[in-house]
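Join the two chains, each given in its own frame, into one complex according to the hints.
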Amino acid sequence: MSGAEHEPMTKLKFFDSTLRDGSHAVKHQITLEQIEQYCRIVDGAGMYVVIVGHGNGLGASSLQVGLSRYSDRDMIATARRELKQTKLGVFLIPGFGTIKDDLAPALAAGVDLVCVGIHCTEADVTEQHIKYVVSQNKEAYGVLMMYHMASKERLLVEAKKMESYGARGVILMDSAGAAVPGSVEEVIEYLASNLEIEVGFHGHNNLSMAVSNSLTALESGASIIDATVRGFGAGAGNCQLEALIALMKKMGLETGVELYKLLDASEKVVKPMMAKPQEIDSVSIVSGLAGVFSGFSIHVRKAAEKFGVDPRDIFVELGRRKVVAGQEDVILAAAAELAKNKQNPS
Amino acid sequence: MSRAGKKVKVGILGSGNIGTDLLFKVQRSEFLECSIFCGRDPESKGLQRAREMGVPTSADSIKAIQRQPEICEIVFDATSASGHLANAPILKSLDKFVIDLTPSRVGKMCVPAINLADALTEQDVNMVSCGGQATAPIARAIMKVHPETEYIEVIGSIASKSAGPGTRANIDEYTQITKDAIEFFAGVPRAKAIIILNPAEPEVWMYNTVYATLTKPDLPRLTEEIKAVEKEIQKYVPGYKVTLGPIYEQGRLIVSTQVEGAGDFLPKYAGNLDIITSAAVKVAEEYVRSRT
Chain A
1 MSGAEHEPMT KLKFFDSTLR DGSHAVKHQI TLEQIEQYCR IVDGAGMYVV IVGHGNGLGA
61 SSLQVGLSRY SDRDMIATAR RELKQTKLGV FLIPGFGTIK DDLAPALAAG VDLVCVGIHC
121 TEADVTEQHI KYVVSQNKEA YGVLMMYHMA SKERLLVEAK KMESYGARGV ILMDSAGAAV
181 PGSVEEVIEY LASNLEIEVG FHGHNNLSMA VSNSLTALES GASIIDATVR GFGAGAGNCQ
241 LEALIALMKK MGLETGVELY KLLDASEKVV KPMMAKPQEI DSVSIVSGLA GVFSGFSIHV
301 RKAAEKFGVD PRDIFVELGR RKVVAGQEDV ILAAAAELAK NKQNPS
Chain B
1 MSRAGKKVKV GILGSGNIGT DLLFKVQRSE FLECSIFCGR DPESKGLQRA REMGVPTSAD
61 SIKAIQRQPE ICEIVFDATS ASGHLANAPI LKSLDKFVID LTPSRVGKMC VPAINLADAL
121 TEQDVNMVSC GGQATAPIAR AIMKVHPETE YIEVIGSIAS KSAGPGTRAN IDEYTQITKD
181 AIEFFAGVPR AKAIIILNPA EPEVWMYNTV YATLTKPDLP RLTEEIKAVE KEIQKYVPGY
241 KVTLGPIYEQ GRLIVSTQVE GAGDFLPKYA GNLDIITSAA VKVAEEYVRS RT
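Residue numbers (our numbering), protein chains in the order written: chain A, 1 to 346; chain B, 1 to 292.
In isolation and in its complexed conformation, chain B is listed as follows (with noise of 0.2 Å):
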């Protein structure tokens, strides 16, 4: 379909794993296009491919969009946890529609799957965690059908290329916001979050297992309900499975789910990029959607 000059510019902030897959998936979106790729260095490997793919650059970060404002409407930050406290304010000033993809706490936490109208209203939206973003909805879920649980405990596991030195150096604020995430959207009294870094190759693919404290589980109903979640998060990541349970065992509920990437930057395995990225493509398109 030809909308070409209708397309919303945005920018984004971060040139590495995550701000580099975001840009595959905007220059594919029907109703988005990148208009300022901002990094740090100039060398950097994802400024270069930016170059390389014709989109415009810059390696003055987030003074590139201060300089010229109108270069975009919205402005996904895909830099760190302490880059964005300090963007925050500067693309609030900007009165830019921001969609921070690190684990900052700023903006009202999004998971597409569950919030996604409730976003679309701020003007600084944190997509939480890749973690969070394939767990919250199950714990959702499972909350649901057991109002009684009192803990819910998510793990990730993922590529250990995958992650690069912003996750690394953030993943403290990484397990924090994933437990605050679960909280806030299952409205469980105690979440604990997990992540591992696994450096195996071939890759691992992105895997995350929820876990719930229940006596009594009604697995039939459960399984319904884990299955409806599976489905609404497969129209905006279709790569996302639930590959075992839920199933009971000494006390534990169990699901774990796989997110199969898209292939876009890095390869299949790193859906952990897919999942937040893909979320956060979403958002900006309701966004730019609930305005015409």
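So here's chain A without its partners, still in its complex pose (with noise of 0.2 Å):
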């Protein structure tokens, strides 16, 4: 952010998706009693919004990608009653949830904010959902996931696509945790140039990367970074929130975020809601280095059990399928190869 230093930093806005990204690394089991106890430490503490909800958001609480403990209508309640001074979030991918059972009720029970997502070069399917929240006058963003995975120019064809449909922001996912420090700037410095709403950047660790290139995306012109408390999250997990806002805090730079509350909610809820600390394993490394979305970790891994392969080939080869986000069944199909290949080589 050279030369802003003296511009009030307040527009930066800290969308806390801890207990949505989080969801995906213990099997979609949070409680509503850890829903209840992150946000009543959370609430006025500076983000602009806590989301909830299962991984995939809305509707997603699947075979296919894991069944909630709760419904989304518990979690939204719980949340609800907590959060008083801060946003209250949901995340929609249109495949998975729809308007008619997922959208209209969630906005019903008091959802503040909606990020529709979609792969990013999909945008289109997101204009019935996004043009929804706004008709309801409540507060949409578009997000593009496995941003990776397309053109910058390609971005801003469907960033603009979201942006005419009502979106107040559109959000950059990283959700293989593929991206390198470069490309972050690059893409996110023509957005941010070419787009009238806001940017945003939502990182992934695998390469270790998630801090560095949520800073990155700020001082290429990001105003919205979308992170988790202890990184807690799909995979090697996220961007990790207080880490970032310390970062930013020893760079002098205004976040608006107090830094204590965020700890205390670590130490307190988060620590002890997660399955196992948030590391960097070499299966995450793969995941990040075939661009495959994070989220399928733990059923890759399963996969391997299954049917006795490495799970780095799964991965490999599921990068060589162009796989996206929600596609688990495909991972079946990939060990199921790599076994039968393994019995009879060609």
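Keep in mind that the hints were calculated from the coordinates and are not lab data. No incorrect hints appear here.
Calculated pairs, DSS-like style, for lysine-lysine (alpha carbon to alpha carbon, straight line, at most 27 Å): (1) K231(B) - K340(A); (2) K241(B) - K306(A); (3) K227(B) - K340(A); (4) K249(A) - K11(A); (5) K87(A) - K261(A).
Predicted, not measured: the structure shown is a model, and the values here were computed from it.
Next up, the structure:
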């Protein structure tokens, strides 16, 4: 943010996806009590919104991705009771959730903001949903997932569609943790200078770049950072929100976020919620290298066990097949094929 | 075989991916011929292509059929869900046999492998969705072996290029009707449908997975029933194939299928077009046969 030190930085928005992306890491078993405790601590801590629900959003509780322990309705109602100053948000991927079954009930239950996500080349599928959110006088943001799979020019075309539907901002998701710093800078700068609306970034940590890439995004013109406390999230996890806030404080950048509240939430709620510490294991590194959705990690390990193949080979095969988020069923197909080829080497 | 002159005339509404693929299949049918191919934009690629094929076209959409109702006996509607909601009463007043390829929910749902005969007595038949065509018969086979099943879920992934603007604008209607079709045809208390568009190049083939929550799956019997379903569907969709399963993993029964398209309009990856257009043509041909 060179040259921007004197501008008021209050316009930065931190989207807290701890309870949403973290859901992947515990197979969507976050309890209502944990949601309640978390929201109580972070309410009013300065984040723009707290996003709750299944890792793949509204209506995504499924045998494909994983069944949620609690319904979307219960998770939303619990967070709603605790969030008095901070907005309540949800995530939705069209094709998983629908307006009738999922979005309309969520808005009726008091959700303030909706992130509508889709694979980065398919933004026209979000038209109905973004327009619906806007028509209900709630805030809609577009999310382009797996952004590393498209050129900056294509991403701009897709982001402009979301802008035209009424989205207040477009967030790029590095869903595979595959972004390198140069690409973050180039793409964010390009979008920020060509869009009227805000640009955001959501990083994954497969190659240990999530905090660094998020900072690069801010320095390149992003004004929204979507991150999680303790990096709690799919695979290797996300940009660790409290680390980014601390880093920004050191750099003299105004965040508007109370660091200690985040640290409290981290120790008191998120640490006990985690199945294991957020680490970058070999499978996550291969996932980042192959550019495959981080959320597949748990499913890949299970499939590797069932078919007696190396999970890393599965990720490489998935990368070759260019799968996108939501295609968990292809993991089994890939594992079965690897097992077959192992038996009958051609 | 020469049945020229005896072919039944059909109209096609909608000049997008589905309408165009349908046109190829109708023109190949020994029972059907397309007498009017309707779109909205005279310059559209779909209408241009039809003209080049020597097929009568109109850019007046349903008005072309209203003006000269005798032009066709059967109408395929490949517009959009809202398009068919508007077209349905008009076609009914014209007494047309209608085969609807949109997720409009107007007519009785039909999957030829399951209820072809019932559909022929209806005036407006709905072809559900490509995912519904590919998965409802499998879901039904699972319920036949395990009627205690409480929940079935179907996933469909298709190549982005094969999903035109109508399909994209109707993504909610698509998932809704597919879910309803699973519950209706399989008789399972609760179902869910998910659809994913994949832009990969080379394009991915249409891929569907059916999951069922089961505790003690009878895999030999399931395999047998599912093989029978595969054979039945292959009679009208030759590229349909069970590629994985049934397997049992983490409390889930899993069956995956792939559809290799006939490569009529779009290349072979677009099995999602083939499965619904082939099913629709099958209904039309049976309708013709049932009257003669």
